[in-house]
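Hey, can you piece these two chains together into the complex? The hints should help.
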Amino acid sequence: MQPIRGEAVRLENVWITYSGAGKPAIRNINLSIPFGVLTLIRGPNGAGKTTLIETCLGLLKPIKGNAYLLGVNTKDERIFEVRRKCSYVPQDFMKPPYEHYTAKKVIEMGLSSNRVITDPLPDYFQYELEFYAKELDVLSLLEKPIGILSGGQQQKVFIVRALIRRPKLLFLDEPFSSLDKESREKVTEIVVNYIKKHRGSSAIIVSHSFSKIEEYADIIVTINDGVITDIRFQR
Amino acid sequence: MLLMIPLLGALLSGFICGMLGYYVQRYGVTTLSFTIAHSALAGAAISLVLGFNTTLFTLFFAVASALLIGYLTSKSPIRRELICMGLFSLLNAVAILMLYMSSTNVLSTVQLSTILWGSVLAITCEKIIAIVTIAATFLVYAVIFKPQIDAILFDQKLAEAEGVNVKLHSTILLLFVGSAIAIILRITGGFLVFSLLYNPVASALLLSKRANIQQLISPILGSSVAIAGLFASFMYNLPVGASIALLSSVTLLLSYVSRVTINYMLAQRSVRSKEGIGEAFTVHLNRVLIYQNVSDTVRFITVPAELPTGTGLPSETQRSPINLLDS
Ligand SMILES: Nc1ncnc2c1ncn2[C@@H]1O[C@H](COP(=O)(O)OP(=O)(O)OP(=O)(O)O)[C@@H](O)[C@H]1O
Ligand SMILES: [Mg+2]
Chain A
1055 MQPIRGEAVR LENVWITYSG AGKPAIRNIN LSIPFGVLTL IRGPNGAGKT
1105 TLIETCLGLL KPIKGNAYLL GVNTKDERIF EVRRKCSYVP QDFMKPPYEH
1155 YTAKKVIEMG LSSNRVITDP LPDYFQYELE FYAKELDVLS LLEKPIGILS
1205 GGQQQKVFIV RALIRRPKLL FLDEPFSSLD KESREKVTEI VVNYIKKHRG
1255 SSAIIVSHSF SKIEEYADII VTINDGVITD IRFQR
Chain B
31 MLLMIPLLGA LLSGFICGML GYYVQRYGVT TLSFTIAHSA LAGAAISLVL
81 GFNTTLFTLF FAVASALLIG YLTSKSPIRR ELICMGLFSL LNAVAILMLY
131 MSSTNVLSTV QLSTILWGSV LAITCEKIIA IVTIAATFLV YAVIFKPQID
181 AILFDQKLAE AEGVNVKLHS TILLLFVGSA IAIILRITGG FLVFSLLYNP
231 VASALLLSKR ANIQQLISPI LGSSVAIAGL FASFMYNLPV GASIALLSSV
281 TLLLSYVSRV TINYMLAQRS VRSKEGIGEA FTVHLNRVLI YQNVSDTVRF
331 ITVPAELPTG TGLPSETQRS PINLLDS
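As they're listed, the protein sequences go chains A and B. Following our numbering, the numbering of the first sequence begins with 1055 at its first residue and continues without gaps. Following our numbering, the numbering of the second sequence begins with 31 at its first residue and continues without gaps.
Excised from the complex, chain B in its bound form (with noise of 0.2 Å):
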């Protein structure tokens, strides 16, 4: 019973993180998310040093910064990921100065190993609830918008084109990440969020190319790695977010060796299966080349991976055949 808590927040958190980070990923707002990440930390660490309420203090900043990260990126011709990248630093510097310049006491607390490190001990019920309520909102929020959703998930600058208020669901969907981090950094250390909001769907875009399997193994690997973590933290007495950490990691690496794998079992059927196609091939990530030889020159064809053998094979408009000799 005293593990249920800890073991459903760690559930709840890995499939929140793992849902959001979907769209994260999809919308291309990864860069922004990440330091709305940093900047939950930086407020978490400013809220323990002027002794205010943690969570709230961190919720702020985390929104705050999502709405200015929003505001700065359609106002000014900078880069975003330059915009970004700044304000992180910024960020980063005030949390460790303020933290540098505090008391000792504050740098002794358990309370500011937790927001760095994170502990199990942060999961509570009150969490619970509020990462459940902030998880379905999001979900009916989905459902609602699925429309203009769907048409930014399918192409961003073609919804965008259509009038479809792309930068609005953007700041929305920062809001639900703002929101779910200032909660979950506890648990996993302000360092260390964001790998759980990362890495499972990283994991997933290699293990299918399909939308839809991505969309549902995503949340899945997220719970998953979430309650390894946990339980890999309790029996070897590891700190819980370095844990969640690592394994999400190990996750994404054999994720990477299973879709390298894959590919080259698919080129090798798609080689024998058309005879003459060609004589050798070199997988990459998502293409596959395949050389053949015509008459004395040699030229290479790429093919996606996931082409299906025999009929699936590439039609004349995906074959893009360069004479090597040629050119």
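Chain A on its own, in the form it takes in the complex (with noise of 0.2 Å):
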């Protein structure tokens, strides 16, 4: 499991087809994000963004070509144990009014990857979970179950989750899609922030409204029809 230095997502020639689907979602998906960058990932809907996170995940499995996943390959068996440095906010992320655990058990779920009951959480925990969820304006709502938050609340539960993670690689799929304008900018900043405190850390966004996040992308790709049409270097 040594990870290859220097490249956090690679994708070689890649082509996703869902089972049932006749045509590929992605096809011939060349990409490489390297570390310490704000990737953003754009396209109208239905273009592919999501399939896209997941390939890089290791998610979906290409029929053709390779994805590699901090160096490593997402068709190996051990790729679970690469993905515990990543961090995912999916974009269908609404639970339903009846879900029980509390805000606070789903973010700290976020850190039960290979957690047995006897060990305890990391001693960072306390403190970052109260300083993201004051950021984000959700301190208030831990102990309340997550079924019967509004839709902007539960995606900042899912962020702060993600965050909490401290990942080498953060993945976030249409994060700003049920916030208002001022928590769009909260979590970008956020956002930001976090990739200059870890240093080597890296961001991927996908969105394909909120333009705020372009000030900062150092990488923008653009996806249209399940191809990559362009990709840009800023800065």
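Please note that a few of the clues may not be correct.
For lysine-lysine, the following BS3-like pairs were computed, each having C-alpha atoms within a straight-line distance of at most 30 Å [unchecked claim]: (1) A:1115 x B:105; (2) B:105 x A:1198; (3) A:1266 x A:1149; (4) A:1250 x A:1159; (5) A:1222 x A:1235; (6) B:105 x A:1077; (7) B:239 x A:1115; (8) B:187 x A:1077; (9) A:1222 x A:1159; (10) A:1129 x B:157; (11) A:1149 x A:1115; (12) A:1077 x A:1159; (13) A:1158 x A:1240; (14) B:239 x A:1222; (15) A:1149 x B:239.
The set of hints was computed from the structure by calculation and includes no laboratory data. Remember, it's a predicted structure, so these values are computed and weren't measured experimentally.
Here it is, written out as structure tokens:
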């Protein structure tokens, strides 16, 4: 499990087809994302942004080509160990009103990838939990069941869960979709600061509308109808 | 006293099936466990014909198929359900062919009818100890790995993305299911063991939407139908497996009816409690459609049936108005 230095994500001529679907969702994707950068992926609905992210994480396996996450081929048996260094905020995060786990419990789950009941939570947990929850204005909601929080509040809880894992690589799929303008700016600021503070960490953000993040992005990938149509490096 | 052993056996079988069945549902491995149950039946049939120890051979088949399915589904690009159904057909064909080709004295044995239809006599002290051991081991496992299991129960895809070894935990669950099935198979019969694994939890999912309550009532329902089935089989001299399966199906049906009724009543309350929100509504299994007249158009909104009334009525984000006349 020795990761190759220098590349957070590498996709080589990757094709993905969903089972049952005739036409591939993404085709012939070549992409290399280094450590320590903020990458923005944009494109219209159905372009293949979510597919691209889940391919990077190895949740979807290429039918052709190879995908490497932190230097490890996603087809490798032990890819799940590499994923422990990554975080993901999915696009379809909403939970139904009867979901009973509290917001705090949901955040705590982010640290359970290989925890057993007797393992203590890391000592920074409580501090960072309060820090991020305060920043995102969900501190008073932590003891409430996640299902009764509003969409935006739930999305913030998932963002806290992603950050508290201290990931080497942070995947955010439309993290602004349910947030108000103020919160969008706050999340942008938090993510930008996270990358600055945890040197070498990368973030990959999917967003088809919110442009503020563009100012901070080092790489902007545009995807359209399953193919990358433009890769722009800023600064 | 004579009744104690079968009673205890039925109670424990129902309990362990209800308990494991809950995880089977939430992990989304129902089809896999279905195949394992029938693989156990094939194993039992083969052992009978070849004269091997039935319990051991059934156990071997159940465990081997759990591992095989786990392996195949991780290696092959073919959909998991297709693999399972293919395997299921193959195993049942093997079981029936084995029985068909065997000598007639196998066909007339009590043992054969036991593995096919189940028998109260199959409940022995050893079996009870075995079931208790499996249930206790599972509980210990579930407590030790609670953080990871909670993450899977909450959101399987996210858990996988975060590096929880979902495949390993699914396989462990299927191994527990396989072992439990191998023991319980001769009580309920090979064709019906799956009903005990499926119906109580399906009823629990209908009766409550809260995971912690579902988890609680599923084993209770399992034990209740198993005991009731046992009594029915004693009283009316019916095969025990079929009695249990029938009662569990009736429970499922009643749960469905009560869910629909509860939804209907909830909907009536929500429509009444907020004036003007809707004039008419229809109830689906877990959604309520409320129609409203807005000026001269008809719109409808859908809300989850469990939403409490008054304050809990749909917020703007949960409401999805669709203009019927526009579309
Ligand atoms: N589970 C699935 N099965 C079959 N096809 C799918 C599945 N998920 C996505 N697709 C198809 O793959 C293509 C890309 O979908 P994807 O979800 O990656 O788009 P997206 O860029 O994330 O869109 P959005 O902006 O709406 O989130 C679409 O054409 C979609 O129809
Ligand atoms: Mg998407």
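Hints, one by one, checked against the model:
For a cut-off of 30 Å, the pair hint linking residue 1115 of chain A to residue 105 of chain B stands: about 11 Å separates their Cα positions. With a CA separation close to 41 Å, the supplied pair residue 105 of chain B and residue 1198 of chain A exceeds the 30 Å bound. Taking the CA atoms of residue 1266 of chain A and residue 1149 of chain A, the gap is about 28 Å. The hint holds against a cut of 30 Å. At most 30 Å may separate the alpha-carbon atoms for a hinted pair to count; residue 1250 of chain A and residue 1159 of chain A meet this at roughly 28 Å.
Note on residue 1222 of chain A and residue 1235 of chain A: the hinted pairing holds, with a Cα-Cα distance of about 27 Å set against a maximum of 30 Å. In summary, the hint linking residue 105 of chain B to residue 1077 of chain A is supported, as the alpha carbons are separated by about 22 Å, within the 30 Å threshold. Only pairs whose Cα atoms come within 30 Å are accepted, and residue 239 of chain B paired with residue 1115 of chain A is rejected, the gap being roughly 34 Å. For the hint linking residue 187 of chain B to residue 1077 of chain A, the alpha-carbon distance of about 24 Å falls within 30 Å, and the restraint holds.
A hinted pair counts as satisfied when its Cα atoms are at most 30 Å apart, and residue 1222 of chain A with residue 1159 of chain A qualifies at roughly 23 Å. Of the supplied pair hints, the one linking residue 1129 of chain A and residue 157 of chain B is violated, its CA atoms being roughly 42 Å apart against a limit of 30 Å. Taking the CA atoms of residue 1149 of chain A and residue 1115 of chain A, the gap is about 26 Å. The hint holds against a cut of 30 Å. Between residue 1077 of chain A and residue 1159 of chain A the CA atoms are separated by roughly 40 Å; this puts the pair beyond 30 Å, and the hint is violated.
Restraint check: the Cα-Cα separation between residue 1158 of chain A and residue 1240 of chain A comes to about 20 Å, which is no more than 30 Å; the hinted pair holds. Straight-line distance between C-alpha atoms of residue 239 of chain B and residue 1222 of chain A comes to about 37 Å, which puts the hinted pair past the 30 Å bound. Between residue 1149 of chain A and residue 239 of chain B the alpha-carbon distance is near 12 Å, which keeps this suggested pair within the 30 Å criterion.
The structure shown violates the earlier hints numbered 2, 7, 10, 12 and 14.
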